[in-house]
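Mind docking these for me? Both chains are given alone in their own frames, and the hints should help you get the complex.
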Amino acid sequence: MFEYAPAPEARSLVSIRPSYDLFIDGEFVEAESDERIVTVNPADEEPLAEVAAAGDADVARAFAAARRAFERVWSPLPGAERGKYLFRIARIIQERARELAVLESLDNGKPIKETRDVDLPLVAAHFFYYAGWADKLAHAGHGSARPLGVAAQVIPWNFPLLMLAWKVAPALATGNTVVLKPAETTPLTALAFAEICQEAGLPPGVVNIVTGAGATGQAVVAHPDADKVAFTGSTEVGRQIARAVAGTRKRLTLELGGKGANIVYDDAAIDQAVEGIVTGIFFNQGHVCCAGSRLLVQESIADELLARLRARIERLRLGDPLDKNTDIGAVNSAAQLARIRELAAAGESEGATGWSPSCPLPERGYWFPPTVFTGVTQAHRIAREEIFGPVLSVLTFRTPEEAVSKANNTPYGLSAGVWTEKGSLMLWTASRLRAGVVWSNTFNVFDPASPFGGNKESGYGREGGRHGLEAYLG
Amino acid sequence: MADIPSRVPSRVAVRRTYKLYIGGAFPRSESGRSYPVTSPAGDQLANAALASRKDVRDAVVAARKAFPGWSGRTAYNRGQILYRIAEMMEGRRAQFAEEVAAAEGVSEDRARALVSAAVDRWVYYAGWADKIGQVLGGANPVSGPYFNLSEPDPTGVVGVLAPAGSSLLGLVSVLAPVITSGNTAVLVASERAPLPAVTLAEALATSDLPAGVANILTGRLAELAPPLAGHADVNALDLAGSGTLAGELEALAATTLKRVLRPAGDDWDDPDPGLSRIRPFLEIKTVWHPIGR
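Going line by line, the protein sequences match chains A and B. Just so we're aligned: the first sequence equals residues 1 to 474 in our numbering. Just so we're aligned: the second sequence equals residues 475 to 767 in our numbering.
No wet-lab data here; the hints were simulated from the structure. Check before you lean on any hint, since a few could be wrong.
So these bits of chain A aren't anywhere near chain B, every CB distance computed over 12 Å [claimed, not checked]:
#1 D34
#2 R61
#3 D135
#4 Q198
#5 A222
#6 H223
#7 N325
#8 S349
#9 R364
#10 E470
Only pairs whose alpha carbons sit at most 30 Å apart, straight line, appear in this in silico DSS-like list of lysine-lysine [to be verified]:
#11 A:K406 / B:K539
#12 B:K493 / B:K539
#13 A:K422 / A:K406
#14 B:K539 / B:K605
#15 B:K539 / B:K528
#16 A:K113 / A:K324
#17 A:K406 / A:K324
#18 B:K493 / A:K136
#19 B:K528 / A:K406
#20 B:K493 / B:K528
#21 B:K605 / A:K422
By construction, the Cβ of each residue, glycine as well, lies at the ideal position given by its N, Cα and C atoms.
Isolated chain B (complex conformation) (with noise of 0.2 Å):
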């Protein structure tokens, strides 16, 4: 006979059901699986969507039906959303840093941290939006009778490979660069901590980030990985959370010449990253036109 609790409980938690986050909306894998996610310390924590090859290509048709819009908003709107992103994470850094905490197996105070230094990164990011222009544009002075410009252009859907070990912040800190110059991007989230990637996601839903700009999964890296380093209609990779499989997918992406950023060391750590994250997802477009009268 099963055991009959003592007393009736006051209240049964209403646990969350994970999902996918793909063209805006939160479906379950087509698949029909989830996969049991859990702590360092091997407690279960809850059932994450396990994503198919097919969701990888319908985040991919979602990507690129978002672009010609988000590439084509004022950097300004854009900053002003990656704000708006940042604000709507603030007022969840609570759930964000209990789930950080057991995702990661950090205390309290360092997923307190985590969570803030990744709010502080959508702010960081939304700066950048109206600045990369002017950093990476100008004028050329040739010699000749030309009006010569050149401008970085976003280079389109980026494939995002979200850091293994870092569930929030890394995420945050490889995501934030893509969109903020207008590219859109397919993420998968960490593997074995994917659980504040879709918690992630539920705040980018409610931020005015346009449908379809962030699409983020779950489920097997390796699974996952290779169907978006050769889909033709990607046209860049990031490569941060790889892992093993990092040259194998780049040779992957060689096939439509891709542009790739290799996996570097990198210090989710550090307040200021520059432009390094930003830099190799845009393509410098430079227009010509005749000065005369």
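One chain only, chain A, in its complex shape (with noise of 0.2 Å):
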């Protein structure tokens, strides 16, 4: 093994002020709650800023002014101007990206790789997708092409711009307006977000964003005057906002959990799946509900394929998230690590092995090494809930009955993999799989034009595409 200089990208890039305050009607204005939340840099844990934690009164004047804006403003517009501005926003984000890349992995601890070369790019293609679409309503197969009014809108911190981006490009779209609240442990890119609104000359009131953790999610979720909820995150948290909808009139869809399956046949490349594997787990540090999870290996190749995917492992670089040769950044909180070391811990005693590779971890800030589980069963509790960190568990199977019955064993039903050389035996596998999304020969590839859900306990309604338009429609 050789070692690499340092490659640092630039923090100057960027200005973190100090204190933020909301975004409401079209101006930064000074939160009626005098809460505030601390966000730190999870690389090291040094204050990045302060934002305001949003109370009832805030998000009531957030609704206020989305609904103002969508009466007299917004929908009015015809959809080839309110196209334009979409456009505009999108230019901007690539006008910006660089810096935009660098705050992301400052605040979320994702590597600069991922944030330059995955996340700001889809970002920006988000909204040219969607901004395509305001003018062409009629014929995206929906019925009727009218907005549905205010969107209430929660999203998580795992990918907080491109969060942003899936649901603020389909809602402005379509004629809706918008409240959204971002992570309370990430909401430095969602207010660069609200400067390049204004940048943009976007009406308004068209998108209003509340800062604040689980209580102003809440009060996004439950305002009276929200049309639409849409919703990312746990499985749990959408539960509640289900049974909180429940009677109202107001339209829901939900993005959660996932616990994917990745299965490779023994006449998969083998090298290529390796890679698969490693993209499926390990990107974004696992913080990804479609993360594959759950390696099922056929038994005649899994003493091979895992001895390969160790080598490949011990290869990957964690470290510093600015860096560009970082590979694994850090764990985005404190309460995430705490929940992913009680999951692994959970692994061990319940008898599966665990395995990481030989990285040093650095001293400060939230890491977990990447770790692989083997002699996991399916009643292992690392087999069967969400970690939402770098930790894949491996089991194996002998036929593609056995593989597919493994596969949808799961309240979930998001994501799998399939790794094989064979179109029919891909085919086959993909109809019979419970999810939303199958990736065969690759992992983990997202675009603007392809529709994005879960099925089960993974949620409902689908992001993406000409599908991800229904949502907003009514």
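As structure tokens, this is what we get:
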């Protein structure tokens, strides 16, 4: 092994203010609530900035602004003109991509390689894609092309700006206005997006951003003036939201947890499969709802595949998220690190065998090494529960029927992978998997033109593509 | 002394016993109960089986068991079978009309029109079976070297609460769209007017529809709907006939994140409901594959 010289991205590209206010009606306004939240850099635990924790009165103000903008400006505006604002936003994101990538890595802990090459290009692409739909909604095949009104949107910390784009772009293209709450640990790129809205000249009130934690999210979701609720996050919170929305007229879409199976058949191109397994579980530190966290490998090739997988994982570089050579960054928060540690400990105590490469962990910050568990059975917690971290559980199978049956043996149904050189076997498997996304001979690829979403307890509704418009039309 | 008929009747009618339809069989309720069914004018029509929570669970087991086979059939074959259901009903139109007239208190003409519409509805949805994928699916032009295809998949076992006021046409209008795409159904018939549902079950049983694809329960909505809405192995819920229970049932469904179709003032006479009752019970599955050599 050889050492790489450090290749840090310049932190000076971003200027972070010490304190941020809420973005309501086109302006940054002081919160009525006195409560503040500090967001820290998970790689070194240094505070980055302080943001407001919006209270009920703040949330009400945001909804009032969104309603006003919906009625007076945004829904009467011709689709072609709405689209132009989205095109403007897409362009500004591209122009500020480098700065936003650094800001995202600082606030989230994910490697700059991923924010720069995955998150930001996709964020811009989503706004471009939905911009073009704004004046073509009658062709989308959803019947009525009428917007619903005000959308309440709550997004998670794993892809802060990308999840914002997934929610805001289709909502705006269809003529809805938005009250969005970013995650409490990663609010900074959403606030930067608020500046972008100002820069694009977006009419005031069309996008409103209220920062805060769980209580703010509850207030946003429960606000009586929300016509539509969109949430991405944990299945448990999704359940609570579904219950809160029950019996109301509010429309609801949920993107929740997953426990994706990555099935490797004995005829798979093994090096590509190893690469795909690594991408499947270690991309974004495993903080991916569609992560391929259960590896199902055909018994006859298990030993060879696992040997190559370990050799590949030994070469992953964990450390400074701003270093361009870094493959694995920091876990987003202390709370998430504790959750990952608890489940990994359960894996050991329930009899599975854990393995991690010999990489040193930085002394400060929230870190967890890439970990592979073998000897896992379907009864183990690490095979059933979503870990949301860089922890892979390996199970084996003998026949395609067994692979499908094990893959489907979960209350989740978001993603799955299939690795085989045989097209007929791939299609046979894909058609039987209970999952919203099936990646064959690849994993964790995304595109705004491609619908994404889950079955069963992974939630309902689709985001992306023509299908993603449906949730915002009524 | 009891009245003795003045004449010996030429024939004593063979009265029907109305039962449940679960897994292709016609059991009585496991609870052994039945309830009197009356016409809107108050005349007793017959006794119907009073299903229990256990019957709900048995019906869900039957529906789950039937799901892989039914969803695995070709769309063409499902369309053929739905059309066959229309054929089976067509031959019994007079019987259906008589039962609908008695159940709903409508004129004979109106009852005949409702039966005709119900038969036609099967024909309508038979024709949808092999078009759903083409209308809702498609190739996605992603910006990379991938073949990317989306297609609709049935969501699984669907609990259906048939409309209270439309004993046959309403029932067919909610059942046919659920099963045409490959779902299987556990349906609770109209509590007040359940008899046409049982006759429909007899038509289904003779129509090539595999056992367990459609299961029909008669009984008390308030007793049967909550266990169906809370059942962990039911994937979706059509609340068309839920009445005042709608909110409570939706909250129960949230526990397992069931897909819920809320009641929305449906017009059962509309001959072209389109995808409005098909789409809510489908999942869109996207399959990615690299393009290369």
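Against the structure, the hints:
no.	hint	in the structure
1	D34	holds, 34 Å
2	R61	holds, 29 Å
3	D135	holds, 19 Å
4	Q198	holds, 29 Å
5	A222	holds, 14 Å
6	H223	holds, 18 Å
7	N325	holds, 24 Å
8	S349	holds, 27 Å
9	R364	holds, 38 Å
10	E470	violated, 8 Å
11	A:K406 / B:K539	holds, 17 Å
12	B:K493 / B:K539	holds, 21 Å
13	A:K422 / A:K406	holds, 20 Å
14	B:K539 / B:K605	holds, 26 Å
15	B:K539 / B:K528	holds, 17 Å
16	A:K113 / A:K324	holds, 6 Å
17	A:K406 / A:K324	violated, 38 Å
18	B:K493 / A:K136	violated, 52 Å
19	B:K528 / A:K406	holds, 29 Å
20	B:K493 / B:K528	holds, 15 Å
21	B:K605 / A:K422	holds, 28 Å
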